[in-house]
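S.K.: Here are the chains, one letter per residue:
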Amino acid sequence: MKTIIFQTASNYLLPLLLLFSVFILLRGHYLPGGGFVGGLIASIAFVIHSFANGLEKTRSIIKFHPGFLMPVGLVFAIGAGAAPWFVGQPFMTGLWFEDPIPVIGMVGSALFFDTGVFLVVIGVSLTIIFTISETL
Amino acid sequence: MNLYDYLYYVILPVLAICTIIIFARFLMGPTLSDRVVALDLLLTTGIGIIAVYSIHTDQPTFLDIAMILALIAFLGTVAFSYYLEKREKNE
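As they're listed, the protein sequences go chains U and V. Everything in the first sequence is counted per my numbering, starting at 1 for the first residue and increasing by one. Everything in the second sequence is counted per my numbering, starting at 1001 for the first residue and increasing by one.
These are calculated hints, taken from the structure and not from any lab test. Here a beta-carbon is modelled for each residue, glycine too, at the ideal position from N, C-alpha and C. Careful, some of the hints might be misleading.
Examples of chain U residues toward chain V, derived with CB under 10 Å [what the hints assert, rightly or not]:
id, residue
1, 32
2, 47
3, 48
Below, computed lysine-lysine pairings styled on DSSO-like, alpha-carbon distance capped at 27 Å [to be verified]:
id, chain 1, residue 1, chain 2, residue 2
4, U, 2, V, 1086
5, U, 57, V, 1086
6, U, 2, U, 57
7, U, 63, V, 1089
8, U, 63, U, 2
Here chain U stands alone, though its shape is the one from the complex (with noise of 0.2 Å):
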């Protein structure tokens, strides 16, 4: 779409949402957000660009194809669910680091679990959306 105004607006929106998807991403756990809200607001963020800017533009911004995403994010996962094996527990066990890190706060197997899965939603939902605009 060729406004000059939206634009503008998602050249702003685009840095701001990442941030705010990340702060999400932090804040779960104990309150509300987590992995799944964060990857999706993440991805608004690259589909607003795209309807604005145009889809090779937001492509050329990402680098790779998202769909990269998908088997980094698994990885993640897989790995924050087997760390406890290392230490003799049961498979997916909370691990905790004792003393919370400054700004990220408390950190733990969860956390890398959650960033697992922010990478998987990422990469699902703007595979999705980017096939589905591109064959319209």
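Could you slot chain V onto chain U? The hints should help.
M.R.: Here is chain V on its own, set in the frame of chain U:
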């Protein structure tokens, strides 16, 4: 009459009546563009209701849901207008 009574007995009924009227327009809407605008307005009214309940129940996390709903409503309206424009070009 304090703020909570005002929200509960004035603002919420007004928003509820608005929702019914907008839904009638959504069902009648002669053209597709009317329905798209009605849908956008329906979601905006929903954001208002969420904000009222957020104040009434003293839960600030409800406002995040309202924010995400506003984002999705904006995206939906943009996508609808994008494809409407594209369809008119093809015909």
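S.K.: I'd like to know which numbered hints this structure contradicts. Please list them from smallest to largest.
M.R.: Number 7 - this is the single hint that the structure violates.
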